[in-house]
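Chains A and B supply the protein sequences, listed in that same order. Under full-length UniProt numbering, the first residue of the first sequence carries the number 1, and numbering increases by one thereafter. Under full-length UniProt numbering, the first residue of the second sequence carries the number 1, and numbering increases by one thereafter.
The hints are simulated quantities; they were obtained by calculation from the structure and are not laboratory data. A couple of the hints might just be wrong.
To be clear about the criterion: a stretch of chain B counts as covered by chain A if any three or more of its residues have a C-beta under 8 Å from a C-beta of chain A, and this derived list gives those stretches [to be verified]: (1) 108-122; (2) 152-163; (3) 225-237.
Computed list of lysine-lysine pairs in DSBU-like fashion (alpha-carbon distance at most 35 Å, straight line) [unchecked claim]: (4) Lys-166(B) with Lys-100(B); (5) Lys-88(B) with Lys-100(B); (6) Lys-42(A) with Lys-132(B); (7) Lys-132(B) with Lys-165(A); (8) Lys-189(B) with Lys-42(A); (9) Lys-207(B) with Lys-70(A); (10) Lys-8(B) with Lys-165(A); (11) Lys-70(A) with Lys-88(B); (12) Lys-27(B) with Lys-70(A); (13) Lys-27(B) with Lys-42(A); (14) Lys-165(A) with Lys-189(B); (15) Lys-112(A) with Lys-100(B); (16) Lys-112(A) with Lys-189(B).
Away from chain A, derived, C-beta distances all over 12 Å, residues of chain B [unchecked claim]: (17) Tyr-25; (18) His-125; (19) Gly-149; (20) Glu-168; (21) Ser-188; (22) Lys-189; (23) Lys-208; (24) Ser-256; (25) Trp-263; (26) Asp-265.
Predicted model only: the values in this text are computed from it and were never measured. A virtual CB, placed ideally from N, CA and C, is assigned to each residue, including glycine.
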Amino acid sequence: MANRAVPQRPNGQTPGKICQFKLVLLGESSVGKSSLVLRFVKGQFHEYQESTIGAAFLTQTIHLNDVAVKFEIWDTAGQERYHSLAPMYYRGAQAAIVVYDITNQDTFERAKNWVKELQRQATPGIVIALAGNKLDLNTMRSVQTDESQTYAYENGLLFMETSAKTSANVTEIFKAIAEKLPKNETTSTAGQGRRLVESEGANKSLSSCCK
Amino acid sequence: MSTSTFSKSDEYGFERPDDFDYVEYEKFMSVYLTVLTKCSMRWSRLLVTNPQLKRNAQLKKIVRKGIPLTLRAQAWTSISGVQKLKDKYGPNLYKRMLNKPINEDIRNIITVDVPRTYPDNIYFHPNSENQKTLFRILCAFAACNPDVGYCQGLNYIAGLLLLVTKNEETCFWLLRVLVENKLPDYYSKTMDGVIVDIEVFSRLVKKKFPEVSQHMNNLEMPWALIATKWFICLFSEVLPIETTLRVWDCLFYEGSKVIFQSWFDVGEIL
């Protein structure tokens with residue numbers, strides 16, 4: 001388990017807090033993972049978003065009261081066979097968005113499998129959000145909101161239906177995650193860079209990374 | 001290869017970015033054109049002495065210096081051993097494979113991936129002939145290699161092969177020779193080849209560029225995050241197109257070790 005430690009600020013003072021979290025996106029191919037990220041990070045949408053090979057990395061910061069929450073976003077490939085690479089990507093993630101397509105029941109079943117895997121193998125305490133994407137295709141819906149809502153509630157997940165195309169609930173879901181993440185460790189100055197150390201499993205709790 | 005008119009897209013149909021530096025490009029091309037001319041002359045002489053492009057030390061050397069675009073389809077076919085595959089499976093294999101049914105899930109994912117293959121390339125616009133051709137090539141490949149079927153990333157390789165060779169069947173055979181003869185099992189259902197090669201790569205970086213390796217460790221970035229695409233897409237969409245094709249020239253002759261060599265060459269330059 002990799003936990004993050006950051007150098008102590010020399011004079012011990014707390015600047016405007018910046019918390020940094022690793023967030024991974026998982027879900028079946030073409031449910032809109034990359035599109036959600038593109039909308040959140042750049043405010044754009046491409047009808048034909050190139051398929052992600054391996055993974056892509058982007059960052060975006062949002063502000064919650066006096067705290068700047070910086071997301072390191074790891075966007076992953078969705079095809080089943082890339083599954084064997086996934087643990088490398090979600091290792092050490094403090095948050096995950098598991099995405100499915102509301103017009104495709106199979107992608108919802110796949111999302112449930114991702115949730116199970118994360119709960120079993122990812123960082124204990126990881127904040128998981130379930131995103132039912134393509135809300136703009138509501139008329140072609142095959143996964144009912146109630147069904148997902150109940151599943152999310154039973155499994156302790158955040159849940160929203162989103163549309164990367166219209167931007168509905170995109171910022172909101174990241175914000176909901178940011179609110180749920182612990183932001184109580186204040187240790188370092190922004191701009192100093194952070195030092196990351198491998199712990200020997202001594203501290204298994206979720207560590208936030210605040211500077 | 002034209003340099004006199006600067007259009008919004010390059011000669012392969014890829015759109016140039018808004019901030020493309022045409023002045024710098026012209027400066028580069030004025031030098032590079034000489035290189036390309038020398039390359040063409042070298043190949044003209046070669047085709048007299050070795051018209052079948054039989055593999056030998058001299059050919060390997062010349063391939064490393066680059067293959068002219070107009071000869072790439074022919075040269076890649078010869079140096080990679082496509083003929084041997086054709087002899088083994090028969091010349092009508094492609095047509096037979098086009099008619100062979102494939103798994104519906106695979107067909108669906110190819111259907112979704114084709115429109116998002118090089119969407120910014122003018123030759124891959126929605127409902128273009130190239131999109132239909134690419135769909136057929138990927139389905140035929142899946143039909144004749146059920147162990148691989150379809151792996152995301154093959155669309156980029158087949159797409160670029162199509163842009164270069166402009167021939168559907170040649171593209172199919174070159175895709176087969178790459179996946180089945182030149183590369184380890186990158187595209188199989190467990191992608192073992194990629195996982196192994198990324199591990200090999202990370203150990204080589206640690207040995208050759210320890211400071212780079214340390215930097216990645218400090219950032220807590222596994223090499224898999226960025227290197228997967230290099231192996232799966234063979235640098236397409238990673239390096240500039242000309243550079244990618246020069247790598248592919250060597251790849252068709254020498255196989256997957258070229259991926260490692262190319263990265264370390266880029267690493268040395270940086």
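*Do the alpha carbons of Lys-112(A) and Lys-100(B) lie within 35 Å of each other, as the hint requires?*
This hinted pair holds, its Cα atoms lying about 34 Å apart.
_Tell me if the straight-line CA distance from Lys-8(B) to Lys-165(A) falls inside 35 Å._
holds, 27 Å
*Given the hint that Lys-112(A) pairs with Lys-189(B), test it: the Cα-Cα distance must not exceed 35 Å.*
holds, 21 Å
*Distance restraint between Lys-42(A) and Lys-132(B), which requires alpha-carbon spacing of 35 Å or less*: With Cα atoms ~31 Å apart, Lys-42(A) and Lys-132(B) stay inside 35 Å; holds.
*Verdict on Glu-168(B) as a residue remote from chain A, using beta-carbon distances over 12 Å*: holds, 22 Å
*Can the segment 225-237 of chain B be counted as covered by chain A under the rule of three residues or more with Cβ-Cβ separation shorter than 8 Å?*
Satisfied; 8 residues make the cut.
*Please work out if Lys-27(B) and Lys-70(A) have their alpha carbons no farther apart than 35 Å.*
violated, 41 Å
*Between Lys-132(B) and Lys-165(A), is the straight-line Cα distance small enough, at 35 Å or below?*
holds, 26 Å
*Examine each Cβ of chain A, and state whether all of them lie more than 12 Å from the Cβ of Tyr-25(B).*
holds, 24 Å
_Within 8 Å of chain A's CB atoms, at least three CB atoms from the segment 108-122 of chain B: coverage verdict_ = holds (count 8)
*Coverage of the segment 152-163 of chain B by chain A, judged on three or more residues with CB within 8 Å*: Result for this restraint: holds, n = 4.
*In terms of Cβ atoms, is chain A entirely out of 12 Å range of His-125(B)?*
violated, 10 Å
In summary, the numbered hints that this structure violates are 11, 12, 18, 19, 21, 22.
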